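As a plain string of letters, each chain reads:
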Amino acid sequence: MSLKVSLYGITRDIVGTSVIELPAPAPTTVGELLAEMRKQYPALGELRSCAVAVNNEYASNDQPLHTVDEIALIPPVAGG
Amino acid sequence: MTPYLAITDQPIDVAAALAAVQTDAAGAVNAFIGTVRNQSGGRPVRRLHYESYDSMALTQLGHVVAQAVERWPMLQEVAVIHRKGTLELGDVAVVVAVATPHRAESFAACQFIIDTLKQVVTIWKREEYEDGTEWVAAHP
Chain A
23 MSLKVSLYGI TRDIVGTSVI ELPAPAPTTV GELLAEMRKQ YPALGELRSC
73 AVAVNNEYAS NDQPLHTVDE IALIPPVAGG
Chain B
150 MTPYLAITDQ PIDVAAALAA VQTDAAGAVN AFIGTVRNQS GGRPVRRLHY
200 ESYDSMALTQ LGHVVAQAVE RWPMLQEVAV IHRKGTLELG DVAVVVAVAT
250 PHRAESFAAC QFIIDTLKQV VTIWKREEYE DGTEWVAAHP
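Protein sequence lines correspond, in order, to chains A and B. Under this note's numbering, read the first sequence as residues 23 to 102, first letter to last. Under this note's numbering, read the second sequence as residues 150 to 289, first letter to last.
Please keep in mind that the hints were generated in silico from the structure rather than gathered at the bench. Incorrect hints may have been included.
[Claimed, not checked] Taking lysine to aspartate or glutamate and the DMTMM-like style, the derived pairs with C-alpha atoms no more than 20 Å apart in a straight line are:
| # | chain 1 | residue 1 | chain 2 | residue 2 |
| --- | --- | --- | --- | --- |
| 1 | B | 233 | A | 35 |
| 2 | A | 26 | B | 203 |
| 3 | B | 267 | A | 79 |
| 4 | A | 26 | A | 79 |
| 5 | B | 233 | B | 283 |
| 6 | A | 26 | A | 58 |
| 7 | A | 26 | A | 84 |
| 8 | B | 233 | B | 277 |
| 9 | A | 26 | A | 54 |
These numbers were taken from a predicted model, which means no experiment stands behind them.
Turn these sequences into a full structure, and let the hints guide you.
Below, the structure written as structure tokens:
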């Protein structure tokens with residue numbers, strides 16, 4: 023199973039692309055995904071926070087991931 | 150009540166936002182208008198660049214409004230419009246407008262919506278200075 027992860031704001035600057043594809047065997051949970059991304063891109067660990075969204079909702083670390091999910095890294099938001 | 154929610158790369162029409170919440174059942178319309186300021190923590194700001202994850206931003210905005218309706222069931226109408234793209238000093242970045250029967254709830258609900266928007270809605274702001282740019286709030 024592979025995963026596509028969308029990147030916004032400073033996470034896109036850190037990774038250098040707006041979508042990253044993680045080939046199989048890809049992380050199976052949100053927590054594994056965050057750990058893998060931080061390993062590949064240590065600068066992600068320096069952010070104030072980095073959440074993961076699954077299908078437009080904030081996801082907890084134990085949430086499972088599927089190829090069909092819309093997955094995104096969510097750095098600290100700053101609307102308004 | 151169906152709120153009017155939008156993320157747009159076009160200038161925000163504040164009068165249209167106010168018109169969107171107009172209803173004969175309301176005696177109070179309250180609006181918050183966020184604009185682009187010329188400095189941030191004392192550092193001069195030239196302009197702002199907003200980026201949005203639109204589908205999630207609209208989903209989360211819907212949740213924010215639903216929470217507001219739960220707390221203030223008398224809310225008659227709500228409009229939230231957020232700009233994205235490049236904004237110059239003085240440009241309107243966001244408008245929150247609410248209509249309620251009486252004024253006290255209109256202030257409270259409007260403040261709740263803008264405060265919660267800033268915490269959960271997936272919009273990012275990059276400040277442009279004379280000597281570079283920085284993503285707001287990204288680092289501790």
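> Can you name, in rising order, the numbers of the hints this structure does not satisfy?
Replying inline: none
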